[in-house]
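S.K.: Below are the chains, spelled out letter by letter.
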Amino acid sequence: MKVKYFLSFFPIIIYSITFAYARDVEIGFWTKNDPIDYRNGSIKMAVMILNEELKIEGADVQVVAKIRSWDGGKAWSNLKQAYSLAMEAGTGPTIILSGHEDIAVWGNSGLIQPIDELLDLDTWPMSNIVESLWGPMSWNGKIWAVPQDAEARLLFFWNKHLAKIGYSESDLEALPDKIASGSYTLYDVLKDAQKMQDQGVVQKGFGFYPRPKKGGDYWQFYRAFDGDMQDSATGKLVLDKQALLAYYQFFHDAVYKYEVTSKNHIGTSWSNWHAAVTSGKAGIWHGGTWQRAEWVDMIGFHSFNENVGFGLMPAGKSGFKPTTLTHPLAYMISRNNDELSQLAARIIAIATEPRINSLHAIKSSHLGITKVQDAQEFYKNNQWPSDTSSLLENAFSLPNNTSFGQYDIAVWNGLTAVWSGRLTPQESVDYITKELNATMGGKVIIK
Amino acid sequence: MEKHNSNRISTIILFVLSLPLFILYFFFFLDVFTVPSTDSIWPESFTLVHWRFLTETLSGKPSIWITTLNTLIFSGCVVAIVLVLSSTAGYALSRLKMPYRSQLLGTLLLLHSFPSVSLLIAIFIILQMIGLYDSLVGVIIIKASLELPFGIWIMKGFYDTVPWEIEMSGVQDGASRFTVWYKLILPQIYPGLAALSIFSFISSWGEYVLPFVLAPSAEQQTLSVYLAGLLSETTAVDYGLLKAVGLFYMLPVMIFYIFTHEKLMNIYGGGGGSKG
Amino acid sequence: MKRIPLAYWFLLPAAVSIILFYVLPVILTFVFSFTSMASDTGIYGNHYVYSKNAIRALEKSTLNRDIFKKIIERKYVFDSESLKIISQSKIEKKTQTEIEETLPGTVYSTEKALFEALDKLKNKPRSFRDKKIISRATIRSLNGEEFIEISEMRVAFEKLQIEVGEEDFDLITEVTNTSWHWTTKNYREVFSNPDSWRIFKNTGLYVTLTLGLFNVGCALIIALLTFYMSLGQSKFFRSLWLIPRISPSVLYVLLWRDLMDHSGFISYVMGYFGVAPTNWMGEFPWVTIIVINGFVGASMGMIIFSSAMQAIPKSLLYAASVDGAYMWQQIRRIILPQIRWPILFIASYQTLSLLTSFEYIQLSTDGGPARDTEVWALHAFHTALSNYWGNLRYGFGATLSVVLVVIGIIASITYLKLFKFQVLLQEPPIEN
Amino acid sequence: MKIILKKFSKNFGQVEVIKDMDLEIESGEMVALLGPSGCGKTTTLFAICGIHNITSGQILFGDRVINNVPTQERNVGVVFQNYALYPHLTIYENIAFPLRIRKMEKSEIDQLVQEYSEMVGISNLLSRRPMHLSGGQQQRVALVRALIRKPNVLLMDEPLANLDAALRLRMRSEIRRIQQETGITAILVTHDQVEAMSMSDRIAIMNDGKIQQISTPTEMYSDPKNTFVAGFIGNPPISFYNGVLQKNYFVGTAMKFELSEATLSNGIQEEQKLEIGVRPEYVHPNFGDEVEGKILFIEPQGRETLYDIELDDGQVIRSIQMGSQQYQMGERIQWGMDHKNILVFDENGENIFSKLYGTSPKL
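Residue numbers (the working numbering), protein chains in the order written: chain A, 1 to 447; chain B, 448 to 723; chain C, 724 to 1155; chain D, 1156 to 1518.
It is possible that some hints are incorrect.
Examples of chain A residues toward chain B, derived with CB under 10 Å [what the hints assert, rightly or not]:
| id | residue |
| --- | --- |
| 1 | ASN40 |
| 2 | GLY41 |
| 3 | SER69 |
| 4 | GLY72 |
| 5 | ASN78 |
| 6 | ALA89 |
| 7 | GLY267 |
| 8 | SER271 |
| 9 | GLU339 |
Calculated pairs, DSSO-like style, for lysine-lysine (alpha carbon to alpha carbon, straight line, at most 30 Å) [stated by the list, open to error]:
| id | chain 1 | residue 1 | chain 2 | residue 2 |
| --- | --- | --- | --- | --- |
| 10 | C | LYS845 | A | LYS213 |
| 11 | D | LYS1402 | B | LYS544 |
| 12 | C | LYS845 | A | LYS55 |
| 13 | A | LYS447 | C | LYS835 |
| 14 | A | LYS371 | C | LYS835 |
| 15 | A | LYS55 | C | LYS816 |
| 16 | B | LYS630 | D | LYS1365 |
| 17 | A | LYS142 | C | LYS924 |
| 18 | C | LYS1140 | B | LYS544 |
Hints are computed from structural coordinates only; laboratory data are not their basis.
We put the beta carbon where it would ideally sit given N, CA and C, even for glycine.
All chains should be built: construct the whole structure from the sequences, respecting the hints.
M.R.: Structure below.
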């Protein structure tokens, strides 16, 4: 019932009722539709507060939020494509909440404006945002956006299955730390997954059950082998052939050597994937912190805490460091007239208030973005996972670069070629190198 | 005897060939009215819960009825425009003397080789220039224009089969070419108009990319966009609901088909320009 | 007075719509294929930004060092001009007065220093916005600036008393311009990318197999089989085969997915043969895309062939059965020769349709795994309109379309030759 | 109304279909355009009614040049080979269509339709649709529809071609009757000589886009202008035989006879190549003995019997004789020709008399 209540809270277009005497200003807000998050709700709330502020200030303006959520099987792509075109046509929203990687693209084309021109980032609550989150908000010498949420991506394992292959209670408890220290590596994952399969705990192909679709998560495996993605001096993309080879080799080993992941795993539907990981059909898998909210709230997997353990994404092999990817969403303000931009900036500042941010963080199992949230009872009591700081310490984020998409697709295609057995890891690396040289020329430093 | 046997054999062959369709749509109808089971392909119980979208507005969605009305307006207008413009242009190309006639016809056929989706950016720019971006009107015009080459060829094919003497006789009787077309020729190609209206109705009723890209506002949603929006990138999808909406979506086309399918089989009367 | 012939009136509305909304986009697409247009360059107009990257590029360029230094030098100056702008702004009067009294002549090298100075005022600016107004009024630099028009940039150069020669100015505009430019790189990229050839081969395979097995092959079989059936039966089967066409693509592919998934009917049946449940779609991606497209594509051919067969004079068939021809002989000797034109028509029309279609592939395998089932049209769509990380390469997408169009045109011309196109077009006998 | 074609030419692209054609049709006259298919007769018809534009020359209705008058205003009634009835309209609506186009009063239309449909006996069919009518009935409807608006001229394009033999015979006289009753100028296009001869006042015979001869049916038969006309008219057809003039004699490889004074006086030269034409009824045992050969083929036709005689040089002369068969196949015979009725053509196929006296005697 609680879910249903919240569902009714998110109509696609909300025309707030405002006061007849004030001039209404429409502020469009677009993001991806998700019934279990609190993004639209935060904006609605922020607009309510802003309107009260405006009344008290005696301004003759009231804001009407025009909220549009994008959905569908490719909701993010849809949102980005629609925003790009709508902005060109002048019908785009004032505020867009999307992945931080869009900053480079939209900043370059002038669709969005630098946020540091509109907001004093040294004031509350921006001043309290975790420093590491400002990195992904910056591009080309400017800060373009305010982070909306943060998360980490984790390795999950089904405790009972590990117990069956010989993990004692204390081993299980120590596992996250072993991962964090780098002594439990990705290859240990494969070995444990193989044991589970050999002992019939899980079916063949379900030992290690990675994300079934393309996504930023896979860069964790490249980073796990110490791969660099961006040259800090020039901002150019980097491709480390050695790390790439190790990354491809790992999945090749998972599929063909240890046989803990099936050859046609990529393309499994999300519903099947969710069903497998919440039912114990899968032994070890990886996902995002926010997925816990989906499992518990939407699929009804209430025994999550008893059954599932988790840790950072392990290091590739000993000597390397564990990783986790954080992919903060970013509030961006479209290039617009001054009045709209100023109002939009105020809305964003209010929505960033820790109390409002906590609603989203807790509801959707994301991490809070400000430091004070740890001190807030509602957040502290409900936060999952409880140890946020260690996660964000190890977190990396994707580079903001206009060519990232092209680079990402090439590397992904290389992985799937290895996965399906069409190419060996080495062949695939050679192929990708050749392709990137041909298509992106000097935009990628290949080393 | 012989005939009876071969008839049975063809029925069996056809049945086997159609088996995937039987299975696909059998489970489709099953899923629409039942609660699925988690561990079996057979459902648990009968339910109408998937049809709740008819009476209540789903969260984050416009009302299904408004969307349906939108889609009807969209498809109806596209069909109307395609019928009117193809029947005039088809007539001109089939019957009226004009320079570059064969070049025009060849060009029309070639246009079919342009992937409409990759023209989207250019179409977007044009719509934006004439102020029709993000409006249903704009999408209607675009969809109709993209359907036109096919429509004109079909209509030309039908006109080609009308005896010239009818036309000559009408002219002799003192009617203008327009009157001849309107009063004498058009009634001869009703089967063509019917066939074309089915094709363009099916095509526009199912159109997804154009309204989605060119009229993204929620107010302009058509059923195809509504339906696609029920899918989700990562979170679990209510497939029962999605399939029920899908069935709801198919109903008008099915009804349209029942009333017109006899005409569809006449399409070769016109031959779509494929007379041998 | 010369009357405008009816033909033109009749053609005009269709011609206008086709030219405006079909031919013009085609031409524009061709034009775009020679640009670097993408969502990171924008579609319209120019945009000149002195961003970090641009300045880095200028530093490495042949630009006169003095000019470069002047460009990157950043200072905030309270001179008469900046005071004038401040006095015209909405900043509170007392703040304005204080600035006019205390600050003239001061220069700050960073915005931070400026803001600190402003904060020290007794009547300090009330809001960040006011500070920003002052910052905008006093800044004397190009570093970080943006311009929409070149003329604005020239004005800025004059204001800063930077004298640049035309050559340097061109260099600067080129480096700072973030909008698209003309290029043939797209075409070079298409031909140098090793994946292009693979996708090209995929496309050929996809079109040939789908066309041969379903759009013509299966369509012909259904049309022939239903031809010999009772009316009721044939109606039933034809209607059944039309259902995929009228099913929304999202739903239709979903039904296939259900059928072929781990927990689907195929896995269920194969379970009886001891085969572990698997994702059959992932196992046989090629079978998947051909079958999914084929079951939709067969209906068009089925309709055309069926109606063409019905148009065969019955006397021919009677004559044949009097001659003692069996069904198969009837089909081979009478029906097939009689419907060879419709077959050719369907083959040509559907070749073009298949070349440009991608929706079902996108919804089922999305070109995967590893672009194994990526076809050209889908590749163009992915490039130009659907990229997970946002940068939509309109120009390159247009190039891919142009390549597809060229293939399509070659195919159509071949087919038109086969059709003896000109024979189809006798001149109208009514000459006025 | 008098119809005049002056130096009328028609090209289709590069192809010259009609060359400098002159034709005058008197008011109330019925002229048949007769010729093999592709000779340009339908093109001429379409030019008169305005479906085709003319390349050069003039067409006059009375004394009005109508070259540039649109079809709709020429007021020409046309009956097409397939009748071109409007399938979606009833017979009444079909007949009334030209009147409605002219925005005639409804009562007037009713009256006219009634009157005209009675004239051809189809007044009981008015509510039916064309597809429910027999060929003959459709033909009448087409005729009435063409006539009801009182056209300047009635054009008929092979009007009887789609009817069976008996009906064709009846419609011939019917059409002729109606034409004479209404006194309308009419042009009949046909490839059937019997139809042309029985229905029309005069026949214009066409070949290769040219009028070969225009005259009354009788004249056309007895005095054809050239071998084409002679060969085209007459059933069973005329026989031709080649030879040269040698001392007043026509000499072929297997036949020789003396030519009449009248023929010789037309200035033929010694050793000139000639071709004679003789109609079958003028070859008979009673006429002489110059036709010597054996009977190649016999075709009994009931009232008459047709014999093909192969001369010794292989050329064939045809004979038709009243009564039943009296000779046997292969029998050697020696028959003669009626010298008064032998047509003599020069090497260009021109009739030697006609060439001397000008064209058809009537003109």
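S.K.: Does each hint hold? Answer for all of them.
M.R.: Comparing the hints with the structure gives:
no. : hint                 : result
1   : ASN40                : holds (9 Å)
2   : GLY41                : violated (12 Å)
3   : SER69                : holds (6 Å)
4   : GLY72                : holds (5 Å)
5   : ASN78                : holds (7 Å)
6   : ALA89                : holds (5 Å)
7   : GLY267               : violated (14 Å)
8   : SER271               : holds (6 Å)
9   : GLU339               : violated (23 Å)
10  : C:LYS845 x A:LYS213  : violated (59 Å)
11  : D:LYS1402 x B:LYS544 : violated (62 Å)
12  : C:LYS845 x A:LYS55   : holds (28 Å)
13  : A:LYS447 x C:LYS835  : violated (39 Å)
14  : A:LYS371 x C:LYS835  : holds (24 Å)
15  : A:LYS55 x C:LYS816   : holds (23 Å)
16  : B:LYS630 x D:LYS1365 : violated (38 Å)
17  : A:LYS142 x C:LYS924  : violated (45 Å)
18  : C:LYS1140 x B:LYS544 : holds (23 Å)
The structure fails to meet hints 2, 7, 9, 10, 11, 13, 16 and 17 from the earlier list, while all remaining hints are met.
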